[in-house]
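Peer 1: Residue numbers (this note's numbering), protein chains in the order written: chain A, 1 to 261; chain B, 1 to 274.
The reader is advised that the hints may include incorrect statements.
Said to hold, decoys possible - The following label-pair restraints were derived from C-beta to C-beta distances:
no., chain 1, residue 1, chain 2, residue 2, range
1, B, Val74, A, Arg97, 28 to 36 angstroms
2, A, Ser110, B, Thr13, 45 to 53 angstroms
3, B, Ile258, A, Asn157, 32 to 40 angstroms
4, A, Leu16, B, Asp171, 41 to 49 angstroms
5, B, Thr13, A, Leu109, 53 to 61 angstroms
6, A, Ser170, B, Gly67, 42 to 50 angstroms
7, A, Met250, B, Val220, 37 to 45 angstroms
8, B, Asp233, A, Ile103, 40 to 48 angstroms
9, A, Leu109, B, Gly21, 24 to 32 angstroms
10, A, Ile116, B, Gly266, 27 to 35 angstroms
11, B, Asp263, A, Asn157, 25 to 33 angstroms
12, B, Glu139, A, Gln58, 32 to 40 angstroms
13, A, Leu249, B, Ala4, 53 to 61 angstroms
14, A, Asp5, B, Asp125, 36 to 44 angstroms
Source of the hints: derived by calculation from the structure; they are not laboratory data.
All values derive from a computational prediction rather than experimental measurement.
C-beta atoms are modelled at their ideal positions from N, C-alpha and C, and glycine is treated no differently.
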Amino acid sequence: MNYRDRLLRFGKAACLPLAIVAVWALVTETGSVPAYVLPSPRVVLATLIDFFFGGSQQAYSGKFLIHLGQSLYRVAGGFACGAILGIPLGIVLGYNRKIGAFIEPTIELSRSIPGICWLPLALVWFGIGTGTSVFLIALGSFYSIFLSTLGGVRYVNPVLLRAGRSLGASESALLTTIILPAAFPSILSGLRLGLSYSWIYMVLGEFTGVNYGLGALLLQSRDTMDTPLIIGLMAVIGGLGVLSDRLMLMFMTKVLGMDVR
Amino acid sequence: MSGAAKVSFRNITKEFVPQSGGPAMKAIDGLTLDIAEKDFVCLIGPSGCGKSTLLNMIAGFEQATSGDVLLDGVGITGPGADRGVVFQEGALFPWLSVLDNVCYGPRRLGVPRDRYLADGHAILDEVGLSAFAKHLPAELSGGMRQRVAIARALINRPPVLLMDEPFGALDPQTRVLMQEMLLNIWEHDNRTVLFITHDVEEALFLGTRVVVMSSRPGRVLEDVRADLPRPRDYSVLGHPDFVRIKGELFALVREQTIAAAADAAGRTPSSRAS
Chain A
1 MNYRDRLLRF
11 GKAACLPLAI
21 VAVWALVTET
31 GSVPAYVLPS
41 PRVVLATLID
51 FFFGGSQQAY
61 SGKFLIHLGQ
71 SLYRVAGGFA
81 CGAILGIPLG
91 IVLGYNRKIG
101 AFIEPTIELS
111 RSIPGICWLP
121 LALVWFGIGT
131 GTSVFLIALG
141 SFYSIFLSTL
151 GGVRYVNPVL
161 LRAGRSLGAS
171 ESALLTTIIL
181 PAAFPSILSG
191 LRLGLSYSWI
201 YMVLGEFTGV
211 NYGLGALLLQ
221 SRDTMDTPLI
231 IGLMAVIGGL
241 GVLSDRLMLM
251 FMTKVLGMDV
261 R
Chain B
1 MSGAAKVSFR
11 NITKEFVPQS
21 GGPAMKAIDG
31 LTLDIAEKDF
41 VCLIGPSGCG
51 KSTLLNMIAG
61 FEQATSGDVL
71 LDGVGITGPG
81 ADRGVVFQEG
91 ALFPWLSVLD
101 NVCYGPRRLG
111 VPRDRYLADG
121 HAILDEVGLS
131 AFAKHLPAEL
141 SGGMRQRVAI
151 ARALINRPPV
161 LLMDEPFGAL
171 DPQTRVLMQE
181 MLLNIWEHDN
191 RTVLFITHDV
201 EEALFLGTRV
211 VVMSSRPGRV
221 LEDVRADLPR
231 PRDYSVLGHP
241 DFVRIKGELF
251 ALVREQTIAA
261 AADAAGRTPS
271 SRAS
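This is chain A alone, in the form it adopts within the complex (with noise of 0.2 angstroms):
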């Protein structure tokens, strides 16, 4: 795609964004809705200034790099809990059927609770704090990393391990060389889910009442009633989810050097 090209998409795209601002600060900004109710996005954006870089006399003033810490190490620490038991255990069963046949059923029937209904439980074992966090993030991002895995190791093209075997791979060999690039694009798919879901298990596990962390300023700016810092905590929080998911997808594609079909 040529630079013109892009530009046009991108244009087609902000079209809407565009309009749903305008209409937002038409009605905002001449009164029609009270500023507790909706603020102009004028207010949320000097509010998220003062949240970056500070100058007011507001607790959260200046505060993001702080919270922003918390949640990251939350998410990641999460995060990689989810697919380091994920990605082994869906190559295992998807890999060896016999295996499978005893494990997978549990799994299935397991992710019929709805994430949500683990944070009592989780609070119980882990108390307020990093460890719930972490813990219901790890679980919100298995589910999707693990049945990713094991979906691209089990249906991989039969046609392509018959190839694999008559030019003289061993069953080893043909796990690295073909099961698991076949694989790759399932797997990666299934860490992307995984890393969405741990944004919003990280904002769940946050509103329990700890001090610090993007989610906890979220649930703490509606008990001070601060509605722009609210609208503006959620537009940081979806952006930090739309960054993530390219960061990783580059470092997937240009790092790794792995294809993505």
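The hints should help you fit chain B onto chain A, whose structure is shown.
Peer 2: Only chain B this time, still in chain A's reference frame:
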């Protein structure tokens, strides 16, 4: 035929149990066939007659329900690099470049890097794809992909080459070029080939022997030596012997195809009833 057969099928029977239950279906019934060293045997027959199953048995992908499949007189226990396979749809590894696809075999067999790279380039040259060594399979046409698949199977220098309708999905013009390329390679190295096809003309053009299978359950119906002049090119199509044998084989395959269709209609009366 001199000496022992390179590949032999001894009284092979193959039954499939349908996944939906019901009685086992006999796909191959008491088939015996010997393939001598340096034979180029083309197997033709109606769909479902078990020709691919036979090839898969030599390749070691499938097992006979009863009977023996022998390679140099020894029973086949599984797939191996001594039997190269070319599949209908190429089955190239989509994440590997053309050169890496071709070098896959020798790498698994522990051939040193210098040698397999040299071999890879040489064989790509032979199939006319030197300029595409770094391309991915998805960037090639169907005919080019099949040439890579042939190169990938040949680089291990397998004594037996198994080809399962390798040109079936290609357009007629490309197919002719591929047939000539394959003959050219075979006339140099004379390895044993089992080639499966639907196409009577293709079978007669390529093979030293054409074996016609019956409709299900598959048996050998006719075994014709194709003693047409070599090296062959497409001028052989007009040769009187070629035209005569082709006509006979065509009539035979047609008869079996009609029988297969009648058989299929009889098996599923509800879906065929009008």
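Peer 1: Please go over all the hints and tell whether each is borne out by the structure.
Peer 2: For each hint, the structure was consulted:
1. For Val74/B paired with Arg97/A, a C-beta distance near 31 angstroms keeps the hint of 28 to 36 angstroms intact.
2. Look at Ser110/A against Thr13/B: about 47 angstroms separates their beta carbons, and that is inside 45 to 53 angstroms.
3. Distance hint check: the CB atoms of Ile258/B and Asn157/A are about 34 angstroms apart, consistent with the given range 32 to 40 angstroms.
4. Roughly 45 angstroms separates the CB atoms of Leu16/A and Asp171/B, a value that falls within the hinted 41 to 49 angstroms.
5. For Thr13/B paired with Leu109/A, a C-beta distance near 43 angstroms fails the hint of 53 to 61 angstroms.
6. Separation of Ser170/A from Gly67/B is about 29 angstroms and departs from the stated range, judged on CB atoms against 42 to 50 angstroms.
7. Separation of Met250/A from Val220/B is about 59 angstroms and departs from the stated range, judged on CB atoms against 37 to 45 angstroms.
8. In this structure the hint that Asp233/B and Ile103/A lie 40 to 48 angstroms apart at CB is violated, the actual value being about 60 angstroms.
9. In this structure the hint that Leu109/A and Gly21/B lie 24 to 32 angstroms apart at CB holds, the actual value being about 28 angstroms.
10. About 58 angstroms separates the C-beta atoms of Ile116/A and Gly266/B, a value inconsistent with the hinted range of 27 to 35 angstroms.
11. Taken as a hint, the range 25 to 33 angstroms holds for the pair Asp263/B and Asn157/A, whose Cβ atoms sit roughly 31 angstroms apart.
12. At roughly 57 angstroms, the beta carbons of Glu139/B and Gln58/A sit outside the given window of 32 to 40 angstroms.
13. With their beta carbons about 58 angstroms apart, Leu249/A and Ala4/B fall inside the hinted range of 53 to 61 angstroms.
14. As the Cβ distance of Asp5/A to Asp125/B is approximately 39 angstroms, the hint placing it in 36 to 44 angstroms holds.
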